[in-house]
Structure formats: structure tokens, C-alpha cells
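Start from the sequences and build out the full structure, keeping to the hints where you can.
Protein chains: 2
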Amino acid sequence: MPLTAEIIAIGSELLTSQFRDTNSSYLTEQLNQIGIPVSMRSIVGDQESNLKHAIRAALDRSPLVIMTGGLGPTEDDVTRKVVAQTMRRQLVLNDDVLQTIQSRFTGRGREMPANNARQALVPSEADVLDNANGTAPGLWLKQGQTTVILLPGPPAELEPMFEESCYPRLLEMAGSRVLMRRLYRTTGLPESVLDSRIGPIYTRYKNPETTVLAKLGQVDVHLSAAARSPEEAESLLEEVGSQIDQELGDYVFARTDQELEEVVGMYLVMREATIAVAESCTGGLLAQRLTNPSGSSRYFQSGIVTYSNQSKVDLAGIPPLLLEMQGAVSVEVARGLAESIRESIDTTIGVGITGIAGPTGGSEEKPVGTVYVAVAGPNGTSHRHFVFPGRRDKVRWQSSQAALDMVRRHLMDM
Amino acid sequence: MPLTAEIIAIGSELLTSQFRDTNSSYLTEQLNQIGIPVSMRSIVGDQESNLKHAIRAALDRSPLVIMTGGLGPTEDDVTRKVVAQTMRRQLVLNDDVLQTIQSRFTGRGREMPANNARQALVPSEADVLDNANGTAPGLWLKQGQTTVILLPGPPAELEPMFEESCYPRLLEMAGSRVLMRRLYRTTGLPESVLDSRIGPIYTRYKNPETTVLAKLGQVDVHLSAAARSPEEAESLLEEVGSQIDQELGDYVFARTDQELEEVVGMYLVMREATIAVAESCTGGLLAQRLTNPSGSSRYFQSGIVTYSNQSKVDLAGIPPLLLEMQGAVSVEVARGLAESIRESIDTTIGVGITGIAGPTGGSEEKPVGTVYVAVAGPNGTSHRHFVFPGRRDKVRWQSSQAALDMVRRHLMDM
Chain A
8 MPLTAEIIAI GSELLTSQFR DTNSSYLTEQ LNQIGIPVSM RSIVGDQESN
58 LKHAIRAALD RSPLVIMTGG LGPTEDDVTR KVVAQTMRRQ LVLNDDVLQT
108 IQSRFTGRGR EMPANNARQA LVPSEADVLD NANGTAPGLW LKQGQTTVIL
158 LPGPPAELEP MFEESCYPRL LEMAGSRVLM RRLYRTTGLP ESVLDSRIGP
208 IYTRYKNPET TVLAKLGQVD VHLSAAARSP EEAESLLEEV GSQIDQELGD
258 YVFARTDQEL EEVVGMYLVM REATIAVAES CTGGLLAQRL TNPSGSSRYF
308 QSGIVTYSNQ SKVDLAGIPP LLLEMQGAVS VEVARGLAES IRESIDTTIG
358 VGITGIAGPT GGSEEKPVGT VYVAVAGPNG TSHRHFVFPG RRDKVRWQSS
408 QAALDMVRRH LMDM
Chain B
8 MPLTAEIIAI GSELLTSQFR DTNSSYLTEQ LNQIGIPVSM RSIVGDQESN
58 LKHAIRAALD RSPLVIMTGG LGPTEDDVTR KVVAQTMRRQ LVLNDDVLQT
108 IQSRFTGRGR EMPANNARQA LVPSEADVLD NANGTAPGLW LKQGQTTVIL
158 LPGPPAELEP MFEESCYPRL LEMAGSRVLM RRLYRTTGLP ESVLDSRIGP
208 IYTRYKNPET TVLAKLGQVD VHLSAAARSP EEAESLLEEV GSQIDQELGD
258 YVFARTDQEL EEVVGMYLVM REATIAVAES CTGGLLAQRL TNPSGSSRYF
308 QSGIVTYSNQ SKVDLAGIPP LLLEMQGAVS VEVARGLAES IRESIDTTIG
358 VGITGIAGPT GGSEEKPVGT VYVAVAGPNG TSHRHFVFPG RRDKVRWQSS
408 QAALDMVRRH LMDM
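Note that the protein sequences, when read in sequence, are chains A and B.
Position 54 of the first sequence, counted from 1, bears residue number 61 in this note's numbering, the numbering being contiguous throughout.
Position 124 of the second sequence, counted from 1, bears residue number 131 in this note's numbering, the numbering being contiguous throughout.
Heads up, some of the hints might be wrong.
For chains that are exact copies, the list does not tell them apart, and a pair is met inside one copy or across any two.
Here are the simulated lysine to any residue pairs, SDA-like style, with alpha carbons at most 25 Å apart [unchecked claim]:
#1 213 - 68
#2 222 - 299
#3 222 - 209
#4 59 - 210
#5 88 - 227
Since the hints were derived computationally from the structure, they do not count as laboratory data.
Structure (C-alpha cells):
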């Protein structure tokens, strides 16, 4: 059985909306680093019956079970008791642990409350993990092939304990196994189309495991390979990744977790190019995204948001007659915005966007979601016409995504 | 058996450290609102065996099981199949669903990829929940006393579906108890200051329950009262709410879930006022937020993003000498931007923002986070000086929030 981990976070407060279980995220990251994938995560309240049920199920299916929380001194801290019952161990008062807890209190000139003695109860044949930052010790138990680790809930206690007492032992257990990942970020292909292209590739491989994840205007392909060495993992990733990469071609805009605007920024810096934008329906979103990366002042000069028709005339020099003849939402106006802002600010690239974000303003000919994007640059001016689905904010986001992608493609060809 | 819920989030990506399962938090909050506690939450990957195991365990112990994710069109979207197997139902191709999916594609002039037909497979005797924002329909199944709900993973699809199709049915299942809520949204007071003001009020009451929730640049106070009738709930809310409202005064910008930019938009419409903005460090964020609400073309005329110094001169007419003497980040430039954009576009209100978003560009005198905001209007020009904590994106957000609040206060006094 390959070493996979299951994490159970214990505490009724984690099942309310005010609290977040950050320990499981932390442990997932730590475990992944040493090549142990996490197969399941649960959050269980303090009710003994639910906890018993959850622990029994975890012991049945997972070779490594890590539990967090419920080791405190109060009545509702039931982890120790339920684990002992489920694993058929006796709870024994551990003198060393009791002494450590007592000395923590006397060290601060206080008496140990009777409650805290409960924290010195240890299931038989368990290893005690020292807690340098609190009273509840951690516990490490073996049952046949299964390893069970109990850690205290407060992150300030859990994290040092995990790193000092668990990480080295788990690293050894994991053998020299490594887990390595690859990421391909794409824009411009719908999830289903992308999947019909690369599904035939990745479904032939169990290792690396491939996950396709769609966001608005973006589809990410994650590969994750487990191997005995970094070289072996890298070669597994390369075998599948290179095929996916080739199939997706220039729809891939990043092979790291960079955002599209960061990639565009990188190209702008590489080409020593500058950019200015004139946008209508996106209302400033494109400028905002282009200036998200720190250091964007190297390439971003200025933007104008020409929301009213008058401002398209005043700020971007669009002829009033053109607005009247073609309408504000038209190829001609998009191209005019791109070319005019490029010329007036004297930048390498100019971008123009005009469209109908909705919910009102659509017509039969130009429905809500109609957007024209134009990019003017050293290679001339190109434009595209889109009809984006969804509500106002989605239309705006997809417009900015499409504009950034057009700029990326323009820069790639420069 | 009291109605308690169990949530299973499905997707291997949720078991990596890059992703966070936000759906379960959302559902927990919604369920708690109508008096349904959550007894357990799990995250399971796409492996069928683990998923089967988890679903079977959940059906054994919980009267209400909500699953999210894994309803997409790809190979690794296994939820439908595994649920049907576990609940011993056949998967039947549902013609209505198929037609809806097909028309979503044809509506955009595209052909439906064969993959998407998979999303029309429905377990027998399941109610289909319409998805207004995507192709995957939700499903509602009954098995004896147990209710099982399947929802799509993307929050933009899940949340409207839950609120439209599930919330009313669950409310009925939870009994006739009425739960009513009030909300006070504030900006300008840090959470700790706000809490020290209203804590002495709300801690005296268990019903309504009061929750203080801080976001960046905003603190929301939620009141939630449970009662046998709407009148009783309303009177409980009024008793505590009126005291809180009075204590917080005009820091409260909304008593509904409106965003600050919507409130500002409402004031602009009420005052028949127009607005234009000239922003530097926020890079278009203020314009973007002001144009977020639909109908914003009634008041928003135009914006300029004067990122480079040259564009402050060219687009906003800031004298080069002023930039040299005072620096681009100064009271004088903020006021100049506000007044110049107001005059050139001829609007009621003009806003200017200049600052240092970081991470570079700070000095001892003007550290990262230094931001000047000016608002010019019929009552003259006012300005404020801020030093916001946090990273680049946080500084930018807080700047836009402060600018919107200054506009709100200017409009209130008009």
C-alpha cells in the first residue's frame, strides 16, 4: 500500500462559519513536500460518536492518519479518549508528561489546575511528542501497518511539533519518494474543448495524475508525479507534459503559477515595450490588472476610461460622426481607441475595448456580452469580436482576459 | 433524528496546498443561518474508491448530505457516477438537461463538445436543479429519510443554485422557525475600535446573535435573531440593532449587503451628480469599482490612470514644476488631479489619488502605503493623507475604499 495520508481536524468551532481549519492546509503542504499525497481530509465536531465513526473509517482505509485538536484540558477535548477506545488501548497516566505540565505552571508561579492532569493521560504503547509551546503533548501510535499521529490544535503548538518530531520520521517512512508537479495555464479554449484534446493523452497515465481546473476565462492543467527520485519524477512529468504542451500550443500562457497580467508584463519588459489602454465597458479593469504586478511602472504609461460617449470624443479623439454611424460598440471604435491612445501617449502598444457588459443595453444585433477588443502595435492593428456569456462582472472579466491574451500574442510575434 | 448536515467537497485539487475549499465555508454559513448545524465536513479526491467509502459513511450517519464538485464534463468528474452506484440508482440520459446544455452552446454559436453530454446523465428519481451560470445541473435525491444534494464546484454556479433551489426547501425541512438577520456595514473604523464600542451592547444579548466580521477596509456587523414569528424576530433585532446603529453613526454606509460603490452610486443618482476620477497608484481600481454597478453610466463619465509622471502632465495638466517640487506623491498633486479632472470633464465630483503601493518606491518620509486622496466638488476640495498597512494589492484596495468613502461623505453633505 503506497503511503498516503488522511487528516482529521477535530473541534466543533471548525464547523461554524467563523473559524477556518488552517492546520490541514499546512499539513497538506508539508506532507506533499516529502512525497506523501493526502487522500482525504475531514473536519469532525466534539461529539464522540461522530469522531469514533470517522476514526474507524480512516484506520480502515489509510496507512497514515493525522488528527489535530481536541487535546486540551476541558471536557469537550475528547480526542485522546476516543482514539484509545477505537484503537483498544488503555489510557495510562504518564508521570513524565504530568511533571512537564506541572513544571510549565510552576515556572510561571501558578498552580496546575486539576483539569490539566487529563493531558497526561497517554494511550498504552504510544510515543509522546514534546510540546515546547503548550501543555498538550502530541502522540504517535502504531497499529499493524497503520501510523496514527495526534497533534494539538493551536498552530503555534502544532507547527513546531510537526517540524521537529514528525517531519524527520515521516521522511524516512516515505522512503526516498518525491512528489513533483507541473502546471499549464491556458486561456482561449473552453474546458470541454481543451479536455477533448488532451483527455486522450492524460487518461493513458495514472502517474503523473492530471487534473483539469477551469476558472473564468482560464483553464489550468495540473500534473503531479510520484517517484523514487526527482529525476524519475521529472522524466514522468516530461513524458506526459510535453505531449500536453504540444497539443495546447500557444493557448498555454504560463508553465508556473503566474497570472496572465504577469506574463504580459514579462513580455513587455523583455521587448522593452510600453503600453497604454483606452477602455469603455471594462471600466478600468484592464488598467488595474496591468498595474497589479509590482514594477509595472516600467511599461504601463497611462489608461483612460472613456465611459460616456462624450469622453470617447474628448479623451480619445473618436470622431462624433463615427460614434453616430457605427455606434459606440463597434469594431471601428475599438480600433480607434487603441490607435488613438497609442499615438497620444506614444507607447509601443495601445489597447481599445468597447462592449456591452449588461444587464441592459443589449439589442438583437448586439446582445449583452458583445465586446470588441483592438490591439495596436508595431505590427499594425488587429481586432476581435466576442460574445461573452454570463453576468456583468463575468463579461467584464472575460473581456480583460481576452485583451491581455491579444496583447500577449502581439508581443510574442514582435 | 435532528436535522444535521454533512458536507463532502470533491476534487483532488482541493487536497493540494494551492487550493482552498471555500464552498464548505459558504454552505456552513448558509445552513447555520436556517438552524441546521454541520456535523462533519470532508474533502475527497477524484479516486472512485475513496469517494465511495466517504459517501457510504455519510449516508450511514447523516440525514442531509451535500456534495460539491466533480460534476464537470471531464473524465475525472466522477461524482454523478459514484453517487448513482452507491445509492443503487441507474444513470439515465435526461433529455431536458441535454437540451439545456446544447442550447447554452448554440446560443454562443458553438457546437456542444461530446464530453458535455455526460453532464446530462441523471440518477433515476432525482430532481434536477437548474444551473443558470454553467452547464452542470445540480441534483436532489431522497433515500429513505436521507436527503442528498449534489452541487457544482465553481462558487459562481453553486451559490446562486443553492440560494434559489435549495435554501427554500431546506428552510421548510428545518421546521417553521424564523431566522431574521440585520447587517450594518462600516468603513473607517478598525475592527478593535468598533468592537470596543459595540461589544458592551451586543454581549448582553444571546438572541439576536451578533458577529463582527472584518474584511480589508470594511467591518460588517451581523445580527441574527431566531423566533417563532417574523414580528418577534424583528422586535429582537430592533432592540439591539438600533443601539448599535446609533453608536456607529455615519461609519455605517449600508444596512443591506450593498457594496460601498453601490451606495456611492445611489447617492450620485439621488443628487443627480456626475463623477470623474484621476488615479495613479490604484491603477484603474477606483474607476473599475465605480463602474461595477449596472447603470453606472448615469453618473460615471470618465477616468484617467496617470501612472507615469509624463501622463500626469499630459492627461491631467499637473505642472511639471509642481511634480518636481512636491513629488508625484503629495497633497498638491492629489488635489490637482481631482480639480483638473473635474474641470476638464465638467462633472459634479472629481477624485484624485496618488500614493506608493509598494513594494518599492518608499522612503523614510513617505513610506510604502502613503496615499493622498482628494475629492473636489461643489463644497470645495478636501483631501486626506493615509499610511495603509499591507502589501501592494492591500494598499490599492484600501485606497479605493477610502476614496469611495470620502465621496460618500461629500455627497451626504451636499
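Quiz item: Is it within, between, both, or neither for residue 222 and residue 299, if the alpha carbons may be no more than 25 Å apart?
Solution: Intra 19 Å, inter 20 Å, cutoff 25 Å: intra and inter.
Which holds for residue 88 with residue 227 at a C-alpha limit of 25 Å: within a copy, between copies, both or neither?
between (41 Å within a copy, 24 Å between copies)
inquiry  = Cα distance capped at 25 Å. Does residue 59 pair with residue 210 within a copy, between copies, both, or neither?
reply    = between (37 Å within a copy, 21 Å between copies)
At most 25 Å between alpha carbons: which applies to residue 213 and residue 68, within, between, both or neither? within (20 Å within a copy, 33 Å between copies)
* Asked: Taking 25 Å as the upper bound on the Cα-Cα distance, should residue 222 and residue 209 be classified as within, between, both, or neither?
  -> This pair counts as within: shortest intra-copy Cα distance 20 Å, inter-copy 40 Å.
Checked against the numbered hints given earlier, the structure satisfies every one of them.
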